[in-house]
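Trainee: Chain by chain, the residues:
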Amino acid sequence: MILTRIFLALCLFLSAGALSAADGVGPDIPQATGEPHPEGNDYMRRWHMEMLKHDRDLTMYLGIRPTDTSLAECFECHTVRDEAGTPVTVEDERHFCRACHDYAAVKVDCFDCHRSTPVDFDEPSPHAFLTRGPRFRSWGADDPEVLLAYLSQVMTEPN
Amino acid sequence: MTFRMPNGAKLADKPTRRDFFKSGAAFATMTLAPGVTLMAFGGSAASAVVDAGKRWGLLIDTSKCADDCDACVTACKTENGWEGNGDAERDVQWIRKVTLRNKATGHESSMPVMCQHCESPPCVDVCPTGASFKRDDGIVLVDKHICIGCRYCMMACPFKARSFVHEPVNNQKPHAPRGQGTVEGCTLCVHRVDAGGIPACVESCSATGNGAMLFGDLLDPTSEIAQRLAEFPSVALRPDLDLNPGVRYAEI
Numbered sequence: 294m295i296l297t298r299i300f301l302a303l304c305l306f307l308s309a310g311a312l313s314a315a316d317g318v319g320p321d322i323p324q325a326t327g328e329p330h331p332e333g334n335d336y337m338r339r340w341h342m343e344m345l346k347h348d349r350d351l352t353m354y355l356g357i358r359p360t361d362t363s364l365a366e367c368f369e370c371h372t373v374r375d376e377a378g379t380p381v382t383v384e385d386e387r388h389f390c391r392a393c394h395d396y397a398a399v400k401v402d403c404f405d406c407h408r409s410t411p412v413d414f415d416e417p418s419p420h421a422f423l424t425r426g427p428r429f430r431s432w433g434a435d436d437p438e439v440l441l442a443y444l445s446q447v448m449t450e451p452n
Numbered sequence: 274m275t276f277r278m279p280n281g282a283k284l285a286d287k288p289t290r291r292d293f294f295k296s297g298a299a300f301a302t303m304t305l306a307p308g309v310t311l312m313a314f315g316g317s318a319a320s321a322v323v324d325a326g327k328r329w330g331l332l333i334d335t336s337k338c339a340d341d342c343d344a345c346v347t348a349c350k351t352e353n354g355w356e357g358n359g360d361a362e363r364d365v366q367w368i369r370k371v372t373l374r375n376k377a378t379g380h381e382s383s384m385p386v387m388c389q390h391c392e393s394p395p396c397v398d399v400c401p402t403g404a405s406f407k408r409d410d411g412i413v414l415v416d417k418h419i420c421i422g423c424r425y426c427m428m429a430c431p432f433k434a435r436s437f438v439h440e441p442v443n444n445q446k447p448h449a450p451r452g453q454g455t456v457e458g459c460t461l462c463v464h465r466v467d468a469g470g471i472p473a474c475v476e477s478c479s480a481t482g483n484g485a486m487l488f489g490d491l492l493d494p495t496s497e498i499a500q501r502l503a504e505f506p507s508v509a510l511r512p513d514l515d516l517n518p519g520v521r522y523a524e525i
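Heads up: the sequence lines are chains B and R, in that order.
Residues 294 to 452, numbered by our numbering, are exactly what the first sequence covers, in order.
Residues 274 to 525, numbered by our numbering, are exactly what the second sequence covers, in order.
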């Protein structure tokens, strides 16, 4: 039963790319720049994590650095820019990786340690997102007005 | 196993092209059972940069290290994208300046201390996940993919060479990933060494004109560092522990 569910979830995830956002189903995948992958998008959707995982160990233990797949390279083409033309980090829900990962509810750990924007971009401090970013939604305790309203409500409530 | 998409498009069966031919190393692969594949590195000594016949090390001449100079620390910060947060309890320190004072004579010497890249590293001994490891060429690293942040290595290290990342990090250098909940330390600028370069601290030390740091292969008798070590006296920090560090100090 669980296996069936996992399989269905996987199918849903895989089919995400096939369905256009115009259908109202599936994520809205940001447009990339540059040449398309020779393997095709279906291959990349299914195997991108395996490709990265394999190469990371080659680099770490054997020192092989000019590998063909690297996370840094992804963002040469897969960068989403905001209205001001600034690349968005993974804290922003418009980020390329989040388009599908949010949709499929698959947590991506890469960016705990790796940068999520092109190399030449100066990423803002992550602290800005601790209280305001979509990654750390709070009930509003960081907003003084919400906090005051809550406190006054608590104080006036009979025990 | 073949996945079929609802619209009839067929997905590729296995990661083939890039993984096996373009990543720069040869593999032996064997399918044991459907969905279980054994992959082994091998037969690609030319492409593997890590050479077990080498042992990278540093020689630090403390007589040339100026008390008020911290060029090596600054260079390390710039190169690897870390900075101190001013809180001594939780500060990140890949490298730091230390002043030693001989109590009997009052003689003081200043020197940088970083991961000593021990031959028998205590941090590797105690690591419960195998994240702390020594490369074949003697460089001691943390594989942050499997580090669980338990900090045993920090307790085991007699040089206090490792630090723990307490807060979320952004804007990392691509060659020096670092993130909350993992332990980190000097990598001997492994990305530069793999490319045939020298660590950033050594480079900046030469640039200041002090030239207190020397990098090289300890096992190559023709290297400058090996010759200097053979000719002049040098010590390991905490020689009583018999760790045989790759970093040695002269004129302490």
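Since the hints were made in silico from the structure, they are not lab data.
For glycine and all other residues, C-beta sits at the position ideal for the given N, C-alpha and C.
Hints may be right or wrong, so weigh each one.
[As the list claims (entries may be wrong)] Covered stretches of chain B, going by a simulated chain R footprint (3 or more residues, C-beta under 8 Å):
| # | segment |
| --- | --- |
| 1 | 348 to 361 |
| 2 | 402 to 411 |
[Said to hold, decoys possible] If you only want the chain B side, here are some residues facing chain R, beta carbon under 8 Å, derived:
| # | residue |
| --- | --- |
| 3 | Ala-365 |
| 4 | Glu-369 |
| 5 | His-371 |
| 6 | Thr-372 |
| 7 | Gly-378 |
| 8 | Asp-395 |
| 9 | Pro-419 |
[Unchecked claim] Just a few of them, taken from the derived set where beta-carbon distance is under 8 Å, the chain R residues facing chain B:
| # | residue |
| --- | --- |
| 10 | Val-371 |
| 11 | Pro-450 |
| 12 | Gln-453 |
Trainee: For each hint, tell me whether it holds in the structure or not.
Mentor: Hints, verified against the model:
{"no.": "1", "hint": "348 to 361", "verdict": "holds (count 12)"}
{"no.": "2", "hint": "402 to 411", "verdict": "holds (count 4)"}
{"no.": "3", "hint": "Ala-365", "verdict": "holds, 4 Å"}
{"no.": "4", "hint": "Glu-369", "verdict": "violated, 11 Å"}
{"no.": "5", "hint": "His-371", "verdict": "violated, 15 Å"}
{"no.": "6", "hint": "Thr-372", "verdict": "violated, 14 Å"}
{"no.": "7", "hint": "Gly-378", "verdict": "violated, 18 Å"}
{"no.": "8", "hint": "Asp-395", "verdict": "violated, 19 Å"}
{"no.": "9", "hint": "Pro-419", "verdict": "holds, 4 Å"}
{"no.": "10", "hint": "Val-371", "verdict": "violated, 28 Å"}
{"no.": "11", "hint": "Pro-450", "verdict": "holds, 4 Å"}
{"no.": "12", "hint": "Gln-453", "verdict": "holds, 6 Å"}
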